[in-house]
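*Asks:* The chain contents come next:
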Amino acid sequence: MGAPPSITDQLRADQLGPLADANQFHGPLVLPAANRGWLADALRGMLQIRAVEERIGEMVSTGAVRCPCHLAIGQEAVAVGVALQIRKGDRIFGAHRSHSHYLALGGDMHRLFAEVLGRRTGASRGMGGSMHLLDLEHGLLGTVPIVGATIPVAVGAGLAARFDGAGGVAVSFFGDGATEEGSFHEAMNLAAVLKAPVLFVCENNLFSSHLHIALRQPADSISRYAEAHRIPWLRVDGNDIVAIVEAARSLVEPMRDGGGPGFLEAVTYRWRGHVGPREDEDVGVQRKEDLASWKRRDPIGRLADALVAAGDLVSADVTRIRHEVRAEVAAASARAERDPYPAAESLLATVYGRPGRSHS
Amino acid sequence: MGAPPSITDQLRADQLGPLADANQFHGPLVLPAANRGWLADALRGMLQIRAVEERIGEMVSTGAVRCPCHLAIGQEAVAVGVALQIRKGDRIFGAHRSHSHYLALGGDMHRLFAEVLGRRTGASRGMGGSMHLLDLEHGLLGTVPIVGATIPVAVGAGLAARFDGAGGVAVSFFGDGATEEGSFHEAMNLAAVLKAPVLFVCENNLFSSHLHIALRQPADSISRYAEAHRIPWLRVDGNDIVAIVEAARSLVEPMRDGGGPGFLEAVTYRWRGHVGPREDEDVGVQRKEDLASWKRRDPIGRLADALVAAGDLVSADVTRIRHEVRAEVAAASARAERDPYPAAESLLATVYGRPGRSHS
Amino acid sequence: MTSYGVAIREAFAYLLERYPNVFAIGQGLWSPWYVGNSMTDLDKQFGAARVIDTPVSELACTGAALGAALSGYRPIVVHPRVDFMLLAVDPIVNQAAKWSAMFGGQVSAPLTVRAIINRGGEQGAQHSQALHSWFAHVPGLRVVMPATPSDARDLLVASVLSPDPVLYIDDRWLYGLEEDLEPVRELALEREGPRLVRSGGDLTLVGASYSTLLCRDAASQLASRGVECDVIDLRVLNPLDTTIVADSVRRTGRLLVVDGDWSCCGLGGEIIASAAEAIDAGGWRSRPARLTLPNAPAPTSAPLERTYYLTVEDVVERALVMTGHFEVHE
Amino acid sequence: MTSYGVAIREAFAYLLERYPNVFAIGQGLWSPWYVGNSMTDLDKQFGAARVIDTPVSELACTGAALGAALSGYRPIVVHPRVDFMLLAVDPIVNQAAKWSAMFGGQVSAPLTVRAIINRGGEQGAQHSQALHSWFAHVPGLRVVMPATPSDARDLLVASVLSPDPVLYIDDRWLYGLEEDLEPVRELALEREGPRLVRSGGDLTLVGASYSTLLCRDAASQLASRGVECDVIDLRVLNPLDTTIVADSVRRTGRLLVVDGDWSCCGLGGEIIASAAEAIDAGGWRSRPARLTLPNAPAPTSAPLERTYYLTVEDVVERALVMTGHFEVHE
Ligand SMILES: Cc1ncc(C[n+]2csc(CCOP(=O)(O)OP(=O)(O)O)c2C)c(N)n1
Ligand SMILES: Cc1ncc(C[n+]2csc(CCOP(=O)(O)OP(=O)(O)O)c2C)c(N)n1
Ligand SMILES: [Mg+2]
Ligand SMILES: [Mg+2]
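Protein chains in written order, with the numbering used here: chain A, 1 to 360; chain B, 361 to 720; chain C, 721 to 1050; chain D, 1051 to 1380.
No lab work stands behind these hints: they were computed from the structure. Watch out, some of these pointers could steer you wrong.
Stated by the list, open to error - So the derived label-pair ranges between C-beta atoms look like this:
| # | chain 1 | residue 1 | chain 2 | residue 2 | range |
| --- | --- | --- | --- | --- | --- |
| 1 | A | Pro18 | B | Arg656 | 24 to 34 angstroms |
| 2 | A | Gly63 | C | Gly946 | 57 to 67 angstroms |
| 3 | A | Pro32 | B | His386 | 54 to 64 angstroms |
| 4 | A | Glu324 | C | Gly767 | 36 to 46 angstroms |
| 5 | A | Glu345 | C | Gly767 | 45 to 55 angstroms |
Stated by the list, open to error - Short, incomplete list of chain C residues facing chain B, as computed with Cβ under 8 angstroms:
| # | residue |
| --- | --- |
| 6 | Pro752 |
| 7 | Phe766 |
| 8 | Gly767 |
| 9 | Pro775 |
| 10 | Leu779 |
| 11 | Phe823 |
| 12 | Gly913 |
| 13 | Leu916 |
| 14 | Thr1027 |
| 15 | Tyr1029 |
| 16 | Thr1031 |
Claimed, not checked - Okay, derived cross-link-like pairs now, DSS-like style, lysine-lysine, Cα gap no bigger than 25 angstroms in a straight line:
| # | chain 1 | residue 1 | chain 2 | residue 2 |
| --- | --- | --- | --- | --- |
| 17 | C | Lys764 | B | Lys555 |
| 18 | A | Lys195 | D | Lys1094 |
| 19 | D | Lys1094 | B | Lys555 |
| 20 | B | Lys555 | B | Lys448 |
| 21 | C | Lys764 | A | Lys295 |
| 22 | A | Lys195 | A | Lys88 |
Where is the CB? At the ideal position from N, CA and C, for every residue including glycine.
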């Protein structure tokens, strides 16, 4: 088990090496020496995502939730870590696996439950489901399931931020599979040319649906594309929130001072199948055994262990947080299940905007 | 004026350095010590392309030719050099600036003139014009003007060659602008994953229409993308046919033995504007003064000088070849101008194939 | 009895077995049910070299299929959803559909693009489009939409054997439909077209793919209420031959088109327009009508999905109104 | 007198001057005539930061425009040819058109996509498509096609000020058309629609953009031969309001639609179908008809281009046949 590599100590851009190894990075995180009060909140944030998604998984199993749900269980650190660098006025975009982004940004959990249940009180008023989430209050301008689609959209939001001149940035969350779409490359080049302050966050979980990256690309690290598009990049263990926060900060800070795009590759793993709650298969394909090892690289457990080892928390605190979060989840999901469905009129009433309506 | 860099002596993948410098590489080519009988033919091939395109330019000026013509004058070495590595059964695709590819592969010049004139006797039976050329006999399976479009098509032809198992390869000619299309990146990745024997030939003439590459990309060398897609690449002075032939050979030979794709970046310059015969502008934008310097980097003049200096030819030979080529051109173009237009029925008769018609 | 999904698989197996130049490429082909049961284990049966799963690159995979088609192969590129295929409009519409004409008919582009309509199940706006009307609009591209297991199989075989680029669209909602199948027939696609699948003198119902099923089921119910329908299954949408539609309407004087695509500039309007152009005013007993999707993207929430998609009841009700059996209450 | 091309430029200048959140992005914007005279020197007047020339990346530029639109800006993304825009179908059709509905109407996507129909001149199949019928098919996307300089200007302003995604399509063949212009009016796009631009009782001619010009010119010629036409300029193709077409046909009893797009599932058929749905059989004095492009990709060779594209003579001739002034010799 190696020590986590420092973010400046990069491997070659095209090779993940130990970062892709399920048997590395199992120990407690290495915590910063000072100023780490935020970590307990980060732990709570990750626990919240996990608990919400576990509950959604159950609701899919029971049939209460019918829309396709792609769970980010195991990947919580990326969303929470990046969100810690986000300020009011920043603009964020996600994809099909974005419950974590929605929650990490501060999205209300009841509205998420309501949305996956197709209820009028949902984040997208029951018109989007799991794969289409909006939270204007927290800067989440949209998540959509056409792979790669929001990457250029985020570049435009970055351009807008440059026009605004207020130090805002745009963030695009996407997976390793999305980098096979031409839209990704066009967007990277455009961001570089326009010097748009966009943080590209690739959650490289090594899989697109049932296919390992080795079957889809000639190398396993996505950062090589950032290198080619001349975008500053950093690559981290995506299950290490300390490393993520540090990398995101060092990429985002120069952007706020007028810099162009940055690229963060977070290497991680999803614990559930591509879609739905099952652990054992991706669209019918038996998953490999390394899930057990990846579970030992748990972004939550490793942080909790480190905080307890450092004396910042005692085990009972962790247990308490877990309980609190579960109670919140139970209440929010129960409430959402009683919420009404959208009115039939929403179908036609949402297609075009009301003239003069302000949209931002 | 530096000596041409050896093809193995690569700069960093993202910087063209002296290769993009109009004031470099003005002297005679460095010829191979032996086995260079082919160079006189290559000279003739390049002279032929230039003479044909000069004639087409005149015909555009007089209004005899009406379709948009993108001339490759100044870039002849790339087409002729790569064509020397092509065998019967290989499959080649071009783009909007492909008269040079058509001729270098052995295409009949009368049929080219007829095509740009829209005559029934043309390469595409008068249904395609300058931007849509076909020559099944010589393996040119199509050139089309949607930028980037034929790059994935060539990958499929490469896959077909792999299926055939006969050592054939596919070749895709495209420009630096085309690498801004997502199709290029998708195709590169797909070729790498499928191990398709495709030679990607990027004629980097530093411009896409009126925009210099510095306004369109964060670095001027395209080879950095090949590096990212893990495709073996070589980069040469695109006005040095000796370097092109050598680089193309070293990329193509392993492909014929079952290897995957290769990437050749040939740095060159077009002497005429983006479209049409004028030298002074690209779609209305005044061109820079470095054309005069680029003319001193003439792929034809430098070869001719070297052959004369080496005693392989005397000046009179060069003059004779020029005259012969001009006479051919005059005869072929005059004949084409007398050819008939396509029959009105071609419009509907060419849309669908005849059942059972064999196409290859 | 063979289901529609299995019938598609039979077509693949038939082609892969008999034609060494056929191969399949697309996302999900190494999964047992990414495309339902329509391609299960073909990779195991015929090898992963001929049944190729791919990166998430719709454009390049389609372009590559075109390149292979120009090189003597008969590729079938599979798009698990029509929605994703919109990233590959260039190779389909700008390239493949025009390849023969652009080069004076010297060469054709015999690739088959198979796209799947996969909607409902609260999947939402980007996972539910049909858009066959778009592709039927494009000269040079044959568009096929089978409504039955036997067509699902034989028209796929015909598509692949056609010298032209073909867009073959199947619908997941039909995968369970069963039929006893005859042995495969190698049909010449250019001779296939709309077919009268039920006869009745009161009303002409026209559908394609799943909407044909709606029409057939509606026709059965209508028969029990004394309304006899001609039902026409369009089968081939481009080039579209509307002769039998016009012949039918000349008999019935009434036309109702059912289409699971949007209305404006859609297939429903095309059928009505063609009939209106062909039939004199005196030949109509009522105004023609169409049932299509509402003018909205697909919703997710189940109750809205139920109002969004057409049902047999919608067809029956409209048919009764058109034939004067039913009053409209507005 | 202001030409159509210059009128477009005036709309850009008007918007860029008054609305700091407007910007333009697309290929060729730093060239004086990449898009004809419709944007000349805007980059110099308003700065290259707001009039942005781009890499050859249709998809990303369109997606980026969407992102800016979601961030408080009013971008106009320019596609110098419809054909190239086919690489950007995903951001237009899957994203922008659905953005409002997918998120329950909480947000809209006020971007304007400007696409230019640029055909003829032996440019061939990939440099000549219109395809407005495609986009008019898509709920959520407003589609605008101006036929006059004043509409070219005012409908562009209206498009950009609309809260919705708008596809604004102009035609290079109209750039020379001149008109005296009133001062700019800021129209509310959702209240604009088809317009009766000439009245006559014998025949309804319907066009959009360049085909409106064909209809108007044909109507003048027809008047001199005693045939009086209503001419309807569609202007806004989606959402399409066909009320005035139906009203007109109720008066004339005859309908001829002229459209420079293909026929199958096209705008021509849509207009006929809408009229057929709205008008009782007794209201028709002749069968409706449409003139469209032949079912083929655009050729290059000039003589074939002449047969391919519609002319005023084609319209006049068909109108004379429909009104009984002329026999068809077949
Ligand atoms: C354009 C498009 N193509 C294909 C799909 C089907 N699809 C949905 S998610 C997915 C996998 C994407 O993988 P990745 O980007 O790595 O994200 P992850 O699922 O790993 O989070 C695919 C192929 C899609 N939704 N959109
Ligand atoms: C998809 C598409 N977008 C834009 C164009 C317009 N266009 C034609 S040629 C060209 C320049 C391409 O530059 P490059 O690939 O470097 O080739 P070069 O002209 O330099 O040979 C452009 C932008 C097009 N034909 N197709
Ligand atoms: Mg992934
Ligand atoms: Mg170039």
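*Asks:* If you check each hint against the structure, which ones fail?
*Replies:* Result: hints 1, 2, 4, 6, 7, 8, 12, 13, 14, 15, 16, 19, 21 break, sorted rising.
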